[in-house]
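**Student:** Now for the letters of each chain:
Protein chains: 2
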Amino acid sequence: MAAAQNSGDAETHQAAKRLKTDETEAGNNGEKFISNFEVGRVLRDSTREKTIFVHGKIDDQEAIVILEKTPITEDVLPEMLKTSTQTLEMRNDIYSTYKLRPPPHLSGVKTTVICPATEKHVKKYLRQETFLIEETEQDYQSITLPYINSQSFSVQWVYNILEKKAEADRIVFEDPDPQDGFVLLPDFKWDQKQVDDLYLIAIVHRRDLKSLRDLTADQLPLLRNIREKGLEAIMKRYSVPASKLRVMLHYQPSYYHLHVHFISLDYDAPGCGVERAHLLADVIQNLQHQSVYYRKHTLTFPARADDTLLGKFREAGRL
Amino acid sequence: MAAAQNSGDAETHQAAKRLKTDETEAGNNGEKFISNFEVGRVLRDSTREKTIFVHGKIDDQEAIVILEKTPITEDVLPEMLKTSTQTLEMRNDIYSTYKLRPPPHLSGVKTTVICPATEKHVKKYLRQETFLIEETEQDYQSITLPYINSQSFSVQWVYNILEKKAEADRIVFEDPDPQDGFVLLPDFKWDQKQVDDLYLIAIVHRRDLKSLRDLTADQLPLLRNIREKGLEAIMKRYSVPASKLRVMLHYQPSYYHLHVHFISLDYDAPGCGVERAHLLADVIQNLQHQSVYYRKHTLTFPARADDTLLGKFREAGRL
Numbered sequence: 001m002a003a004a005q006n007s008g009d010a011e012t013h014q015a016a017k018r019l020k021t022d023e024t025e026a027g028n029n030g031e032k033f034i035s036n037f038e039v040g041r042v043l044r045d046s047t048r049e050k051t052i053f054v055h056g057k058i059d060d061q062e063a064i065v066i067l068e069k070t071p072i073t074e075d076v077l078p079e080m081l082k083t084s085t086q087t088l089e090m091r092n093d094i095y096s097t098y099k100l101r102p103p104p105h106l107s108g109v110k111t112t113v114i115c116p117a118t119e120k121h122v123k124k125y126l127r128q129e130t131f132l133i134e135e136t137e138q139d140y141q142s143i144t145l146p147y148i149n150s151q152s153f154s155v156q157w158v159y160n161i162l163e164k165k166a167e168a169d170r171i172v173f174e175d176p177d178p179q180d181g182f183v184l185l186p187d188f189k190w191d192q193k194q195v196d197d198l199y200l201i202a203i204v205h206r207r208d209l210k211s212l213r214d215l216t217a218d219q220l221p222l223l224r225n226i227r228e229k230g231l232e233a234i235m236k237r238y239s240v241p242a243s244k245l246r247v248m249l250h251y252q253p254s255y256y257h258l259h260v261h262f263i264s265l266d267y268d269a270p271g272c273g274v275e276r277a278h279l280l281a282d283v284i285q286n287l288q289h290q291s292v293y294y295r296k297h298t299l300t301f302p303a304r305a306d307d308t309l310l311g312k313f314r315e316a317g318r319l
Numbered sequence: 001m002a003a004a005q006n007s008g009d010a011e012t013h014q015a016a017k018r019l020k021t022d023e024t025e026a027g028n029n030g031e032k033f034i035s036n037f038e039v040g041r042v043l044r045d046s047t048r049e050k051t052i053f054v055h056g057k058i059d060d061q062e063a064i065v066i067l068e069k070t071p072i073t074e075d076v077l078p079e080m081l082k083t084s085t086q087t088l089e090m091r092n093d094i095y096s097t098y099k100l101r102p103p104p105h106l107s108g109v110k111t112t113v114i115c116p117a118t119e120k121h122v123k124k125y126l127r128q129e130t131f132l133i134e135e136t137e138q139d140y141q142s143i144t145l146p147y148i149n150s151q152s153f154s155v156q157w158v159y160n161i162l163e164k165k166a167e168a169d170r171i172v173f174e175d176p177d178p179q180d181g182f183v184l185l186p187d188f189k190w191d192q193k194q195v196d197d198l199y200l201i202a203i204v205h206r207r208d209l210k211s212l213r214d215l216t217a218d219q220l221p222l223l224r225n226i227r228e229k230g231l232e233a234i235m236k237r238y239s240v241p242a243s244k245l246r247v248m249l250h251y252q253p254s255y256y257h258l259h260v261h262f263i264s265l266d267y268d269a270p271g272c273g274v275e276r277a278h279l280l281a282d283v284i285q286n287l288q289h290q291s292v293y294y295r296k297h298t299l300t301f302p303a304r305a306d307d308t309l310l311g312k313f314r315e316a317g318r319l
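Keeping their order, the protein sequence lines are chains A and B.
Note that the UniProt record's numbering gives residue 172 to position 172 of the first sequence, counting from 1, and the numbers run on in steps of one.
Note that the UniProt record's numbering gives residue 248 to position 248 of the second sequence, counting from 1, and the numbers run on in steps of one.
Careful: at least some of the hints might be erroneous.
What the hints assert, rightly or not - In silico contact screen, one side only, chain B against chain A (beta carbon under 7 Å); selected entries: (1) Asn92; (2) Leu132; (3) Cys272.
Claimed, not checked - Within a straight-line C-alpha distance of at most 30 Å, the following computed DSSO-like cross-link-like pairs (lysine-lysine) qualify: (4) B:Lys229 <-> B:Lys210; (5) B:Lys312 <-> A:Lys229; (6) A:Lys193 <-> B:Lys57.
If you are wondering where the hints come from, they were derived from the structure by calculation, not from laboratory data.
Just so we're clear, the structure is a prediction, and the values are computed from it rather than from any experiment.
Ideal placement from N, C-alpha and C gives every residue a C-beta, glycine not left out.
Let the sequences and hints guide you as you build the complete structure.
**Tutor:** Here's what the structure looks like:
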């Protein structure tokens, strides 16, 4: 999820109200909204993942629309095979290929709308070349930290969640403790239809921890609490055990309010690569042995060519 | 495509003729054929790629049906947004998500049928479930090490490379030093046609290091040598700089003779996930600070359900 725009209380209230509208009304609102989208340019697409990221306008406001086809699940298979129209494309020996066209209720497209979208959102989704940066302790102090502070990324949408002003009905588990507590909820990437691509986020109640870099042994109770209670809640709600879950942090994170990803091991999700992900189990272990591990160590992370932070490293002659 | 059955000239001719049948006739053939498919079990699926591989029967013959949703292309976007039914699912601040249900002619599913299918086809497509194992120092000594020793995995093919008895013409770089030297050559996964999916392996000349678990600060000169000279050789031969390369080790490795992977950052290769990969830069750093880091720490790794080592952990009550 991107760094969201600020939104006043009035807007937040509206959003909360909208969450309570019934599906029919919501459907009507939605239809009008998306139908007004004027396609501009494709920012990125993936034929492998069946996704497309499009920049355009809705009623003269900048907007980004992200479309992703839904997975094919076992439960709809028999119906899909029986009710789709079918066209034979090729037959050779024991192999044949067809084009099926399932009825609409079996063909979902998960659609995310960001409106109004800023130039930052556009950059976030525009496909760009990626480079690895090795950030020393000094680099963090002299390049990354000033950059984070100067950008004043809004995490208002995170606060909306923590304060139950938005997405309150999506919360799977909460530990309300102000020091070691957190809220666990499904990531937008997950449609919650199947556990194969289970993806939840634990967002800490504390607002003073930006990222992995801020963690010391002082946060061990917080981190152990997230690990234990997060895993327990996921087992209870989804029957998915710890051995089927990557529990991890990103560095750099996409927003600077500490959060932990719980991702199905069967889901080859973006951001799980060794260049960006850190297993919570390893983080806990490293802090146990060296309280300043994440303050002192050089951390490697990937950055896109258009990333302002990469520009800062380049200016400093560090890339 | 699978290893196809042989097909005589006559059959091939028939297939070619069938390709010319008109769409209506083909459609009718196809409909009958796929509609008769009785779903057995799901061999594999990918929520990321929107694919599913199913084993079942068509008219009493073994069959495999592979379904894959078609990519979303720019040309159909405006029509898809205008003509789909839409349901609002969530709204928070500037973000909202919808489920679109496009009409059938915009919702293709590429379908491949293999019939009659053999046991080999089934095995080819069957995915084994994967589990995470947390291996403590004690687990390594009491479960993993005895398993490695008992299996006496042959690494003769590695020795053949090191002794120039095989693949000598593929070597990109060699440092012949018996203590800190290594051989660098392309992995078989890489066809060397383009650098986007560059993949090379550095294999050490020393024969006494099985994996990450064996490394201590004593091996820092070896590891630094691989990093420096490996990166230098890749820059010289392929003009790919360090900032475009993941340099990493696997744990568990697929063979127990120490080797390091050099993989293009643009290549989303299997095995680059945080659950199996360890950046060489991190390994060097960890050993600098704690010589016994990889001897003492609990290491997480993924194992397939049919993996003997997973069975050993299960027997020991560690999973």
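**Student:** I'd like to know which numbered hints this structure contradicts. Please list them from smallest to largest.
**Tutor:** Structure breaks no hint.
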